[in-house]
Structure formats: structure tokens, C-alpha cells
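Visitor: In case you want the letters, here they are:
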Amino acid sequence: MATKIKHIVINKDVCTGCRYCEIICSLTHEKIVNPKSSRIRVFYDTINGVKNPIVCQQCTDPACLKACKPVAITMDLRLGIPKVNPRKCVGCGSCIKACPSKAIFLDPQKSIAIKCDLCGGDPQCVKFCMQHAINAIVS
Amino acid sequence: MVYGYAGTILRVNLTVMSVRKQQLSPELARRFLGGLGVAAKILFDEVASNFDPLSPQNKMIFATGPVTGCPVPGANRFVIVTKSPETGLFLDTYAGGHFAPELKFAGYDAIIIEGRAKKPVYMKIADDDVEINDALHIWGKDSWEAETILKNESEKEAKVAVIGPAGENLVSYAVVSTDYYHQCGRGGAGAVMGSKNLKGIVVSGTKGIYIFDSEKLLKHLKTEIEWKYTKGSCSQIVRERVKYGTPLTMDFTQSLGILPTKNFKYGWFENYDKINCYVMREKLVVSDDACYACMAPCCKLSVVKDGPYAGAKVGGPEYETLAMLGSNLAVGDINAIVEANVLCDRLGLDTISCGNVIGFIMECYEKGLLTKEDTGGLDLRFGNVDSVLQLIQKIAYKEGVGNLLAKGVRFAAQKIGRGSEKFAMHVKGLEYPAYDPRGSLAYALLYAVTPRGACHRRAWPILVEAKKLKPLAPDGRAELVKKLYDERVILHCGIVCDFTYAMAGIGLDDFAVMLNAVTGCDYTQADLLKLADRVVTLTRAYNVREGKDRKDDYLSPRTSEESLMAGSESKPPVTRKVLDKMLDDYYNLRGWDKRGIPTRETLEKLGLNDLEEELVKLGENDGHKD
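Protein chains in written order, with this note's numbering: chain U, 53 to 191; chain C, 51 to 676.
Derived by calculation from the structure, the hints in this document are not laboratory data.
Where hints are given, some of them may not hold.
As the list claims (entries may be wrong) - Simulated restraints, written as ranges between beta carbons of each label pair: (1) T112(U) to G557(C): 17 to 23 Å; (2) P358(C) to P138(U): 54 to 60 Å; (3) K266(C) to L131(U): 26 to 32 Å; (4) G172(U) to K169(C): 52 to 58 Å.
Glycine is no exception: its CB is placed at the ideal position from the N, C-alpha and C atoms.
Put together the whole structure using the sequences plus the hints.
Guide: Below, the structure is given as C-alpha cells:
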């Protein structure tokens, strides 16, 4: 493939808060439906109708990587994005504190950091967003 | 491994403050699927008959279904099944939002609530931890305040179901509210919750749901279902529904002449163009909001921009609210309807019953059956917005004339008497919603036979009926109502939102594919239709056990004796003769006898043999006459 996906962007004005992205993400990564294990999250202020969808912006100089003492976060050379090694992650939360977008999460079941890995280059949330609020930015 | 289901039911007894977890019996799930079906069977088996719905004997079952939380369109709803304080009969009432999936993620298919707490409490469920906590600090707060407080003191993404002051004060049509703008609206589940001193339930969950064949499910979703929403024959309707929400329905009802106006006296509203979906979209709507796992965001967030109600904000108003608090009260000011909607939601009142009851009392007032002295100084002429807003508060707090109306229209008419029963619009005690059955015989039959009383959500027959059936002859109605009702029952057992399925033309075949992919079962459409028949007969049996039969399946005298004026048109009444023919046909299709009691053969055929002993005895011995 000539083009490579850099990161995902979400148009929060188009997002309806249906959370299909969370469902699909958890199913893809964990083989289970569990929004709290999703790498993309929609924080939904229902009384005001405000949706705050969040996903990793795949920084080129990632704060999460620098903050990770056990060196569980490294650059994935093929995709050019920071990636969590679940075997090395101790769930300390330093990366979560460091992330400027608050886009890295703690999996409540496994107690390790989880973040968007672009599904290895074919992000499923983009496919299943019926509102087309989620788009992949390519280089 | 259990697929789809969580596998566990939570049983909470508030009298002794005990919490127990029990397995969801696979046998129960197989026979009744989930949601409505499973909860109905639990209620039937666990309570006796002839007790006060607001006594500790009543139980409330909050239930999800096998597909709740899964990537199945509309898999966001829960049902509350209980004995209704409005009708004294079987009640199933649903709400969307995000509460039901969260309950599943916490690891529960259902919660059974029993008894009565000694003082106000709320329940807090966080995965395996279940607490019953003091609720004194939120007792008396309105639904929105209470939800916000409970959210602030809980885990960040906790979901909440609460009652407002109307539920605390045991108003018969009090709602249970969730995610602010979603309500288990009809039949008074909020009052049952209030009678248990239970202000709310907070739930948060971190567990997942296993899906048997997610590849197959996602493929069906990505191909068939997405096609139906975006390109299929219903896709234009979907786009309009998404743009305008349920208020689009007013176009149909006004043009068919069945839009309730001035307490169902008329079927056509002169100020329709001031309160319709186009005005709403243009003037009010700021956001299109979806429930969990919904591809067609029909919840419209409306904000009043100017005038005396500036700043009023609500998810809605839905069609039913626009009609019952609008045309039915001759209120042609959409901003005022939003304000009334906000009041009902915050106080925890059903907008449908509330609009119906106020329409009734306005007619009483205009007819001189009540004076200003009786109303505490309120001028209750139709169209008086200020009086409507004051009356809503009086109902919630049972003050003055509000107290007279707080038990519903049937009770108010009994109290007022003097012929007012003739225009008290209800079946079995549940107020009519916003489709006048004159002009739709299928709706007339549906209102008559729905277990919870006059209900519009058990089928939506008007389009098929208008296209395919003769307007004034009863033929074909029983078949149409049974078919559409059965399909809804399956969705209500699933549980998925029936609205999105009807809108997009998602059929039983699609649902069966998705249900089987989730659960690993192999339900055929025929299996599911038989299951629906079983559930409908079970809910009928509940009401029969309460002493109800054919004699209770009749409509308000206004419907059966008066013509409906709709503009220059006049629609004839739905006479008892016409209804009798439809009832005969319907009972026959269901395998119920002339009195509407399920026969022994039917119970056996449907695998409801365990009901036989109670029911057959009743059918033979209780001495009811036709």
C-alpha cells in the first residue's frame, strides 16, 4: 500500500453518542463487548447532548512513551505509532497522566494501559461509524 | 460459557435489606428469551393476585435481554415489569439510553426488587458489589437533580435510573427516568418504585459480553443492516426520522384526522403548523442524540431560544408529548410544550397520561362540571398554558385539584361523575395515547387488547391499514394486529428498540440471524413467533388471574358512541358491534375462548402447562358473564 494511516480523527459535532466504535473496538481487540476495554472512548454528557469522543493522536514524539518507566511503550516501526507491550506494562498509569489528549486508558479487567493501535493499519471503528464521524488520516 | 446473557439475576429485598445472586435458568431463557418474556414469567410465578400494586407485595423486575449491549441495532433498552398502580394489571414499560447495557456489563440480566425499605434508599451496583444506601439527601429532588447528584458521587461513567417527586408521592402515572431524557413512561412504574422507598439505581460495570459468532454478526451488520439504513426501500424514511424524530408522526395523524385535539373531541388541530416537526427542527433542535448502539439517532435535544420559556431544554419533545400536551390541550405554542415537557420529566410524570388527564379536566371545566373554586382558582379552559404548567406541578405534589387527577383519568371521572365517564379516555385505567382509534380500527383493537391498557407501542398499524384495508369494516384487523404485535413482542424480549426496526424495515429474519450469532442458539422465525404467542398469552393470563376478561376489553364511550370531527370530515364511532367482531377474530387467532380466556388446548400448545391449574379453574368457576 502506498498510503499509510497516520491517525484517526473524530468529528465530535457529527458524533451521536451511539458508542458503536467502543463496541467494535473492544470486540476487535478483546473478543468481547466491553466499552471500558475500548481504545476509543465516547464520554457523553447526556443532559447537554455533548459528546466527547477520544482516541490516540499517535504523536511522533509521544509523552506516554517518555513517561513509561518499564519501557512497555515503544514505537512500532511498521506503523510509526507508539504501542503498548502488554507483557511489560505494570499498569502504573504514568502514561495516562502524561498524555495531553487523555487518550490512553487503563483496562479495568487486565489493569494494563490500552491505546489505539489502528487495528494494525485497518481501523475497524472507522468502518462501523454509521455517521462517518470517525475518519483515518493518511500520509 | 454463556453467550449474550450475563447469566445472573440480582434479587434485592428492601424489607430485610438482603441481596442475593441467582443463576438465570437456561430453561426460562429458552422458553421466554429475555426482557419482557422472562420478566413476565417471573412476575406471574412469584406474586399472587388481587394485592395493592403499591404494597410491599408487589415486585419490580428490571430486565435486559440476550442481545442487550451487543452490536445489534437498538440493543439499549430495559423493561420494567410490575403490577401497575394505574390499571392494577400487568405492566411492561421500556426505556433506552445507556442504562441497560451498563447493567449487563456489571454482570446482570435482571434485577428483581421486592419489599419496601423503611426509609428512602438507593441501590448502587458496581460489578459484584451491591450496596443499599441511604437516600435522604436526594429524596424530594427532581429526576435531573437526583441523577446528577448520584452520578457525581459514583464511578465516573455510572448510569442511573431514578424517580422524581411524582414517584415519591405515588402519582399513578409516575415514570422511572434514565439518562435524563429517557423514561419508562407508561403505567406508573415510578410510583411502584416510590412505594418501595427506592429513589434510584446506580450501575457501573467493567465486565464484557461474549458473542458466539462475532464475525457473522458484524458481517450481517455491515452488509444487510447498513444497507437497510442507507440504501434500502425504507432509507428515505430513516433520513426523515433521523432529521425530525418521532414528531414526524404528526404529519400522518393530522392528515388522517386522528390527531387528538381537545380531549379527543377532534382529530385535527388548527394550529398544527405551529407545533409540528418542521417548526421544532427549525426553532428548537440543537443536537441529534442516539441511545447506545443505535444507527438512527431519533432523540432531538431541543432548547427554547426566546420568550418566557427561554432556556428550557429537553430531549424531545416526542410526538406523543407534542400531541398530548399540545393539540390535545389546544396549546399551539411549541415553546410552552417544551416547558411542560421539562416539568413532567423533572417531576417524573408520564407526558401522555398527564396530557390526557389535563385534557379531561379542561373539558369538565368548560362543561361546567367544575368551577374555579374546585380548581383552586385555575382557569382551566383549553389553551390556557399557565394553568397547564401549574396543574402539572399540582399533580406531582397532589395538591388541590392535582390530587383529584393523580390517580389517573378513570379515578377522576369516578369522583366527578355526572357523565364525565363518557369522555374519560382510557382502557383498563391506562389513558389513551395520541392516536384516535376512530379512523384506525386496528388501533381500536390494539388499545382494547393490550395487557397494560390503551397502548400505541405494541404495533404501528396505521400505514398498512390505510393502504390495504377497507376503512370502516372490521375485516383483517385481528390478523394485522396479531402479526405486528407478535413481532414487537419478540423485539421486546430481545430487547431491542422496536422503533428503529419498524423505521428501517429490519425484519424478523434479520433479528433471528443476529440473535443466533450472539447466543449460538438456532431460533427460526417460526420458533420466535411461537415464543411471542406464548408471551402474549402469559401476559393475558396474568390479567385473567386478576379477574379481567372480555368485559374489560372495551373502549371509552366517546370512542364507541360519538363521531370524531376532523376538519370537514367526520369519522364514525367504533361501535361495540364492530369491536366485538374484531375481538372475536382476535381471541380466535390467539386460541382464547369467547371471554378472552386462554383455553386449555392453547396453554398446552404453547408450552404453558404450568399455568393451567390456576387459569382453567378460573375460567370454569369464577362466574363471570360475557
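Visitor: For each hint, tell me whether it holds in the structure or not.
Guide: Verification of the supplied hints:
Range check, T112(U) to G557(C): Cβ separation about 49 Å, and the 17 to 23 Å hint is violated. For P358(C) and P138(U), the Cβ-Cβ distance of about 58 Å falls inside the hinted range of 54 to 60 Å, so the restraint holds. K266(C) and L131(U) have their C-beta atoms about 29 Å apart, which keeps the hinted 26 to 32 Å range intact. Here the CB-CB span from G172(U) to K169(C) is close to 55 Å, well matched to the stated 52 to 58 Å.
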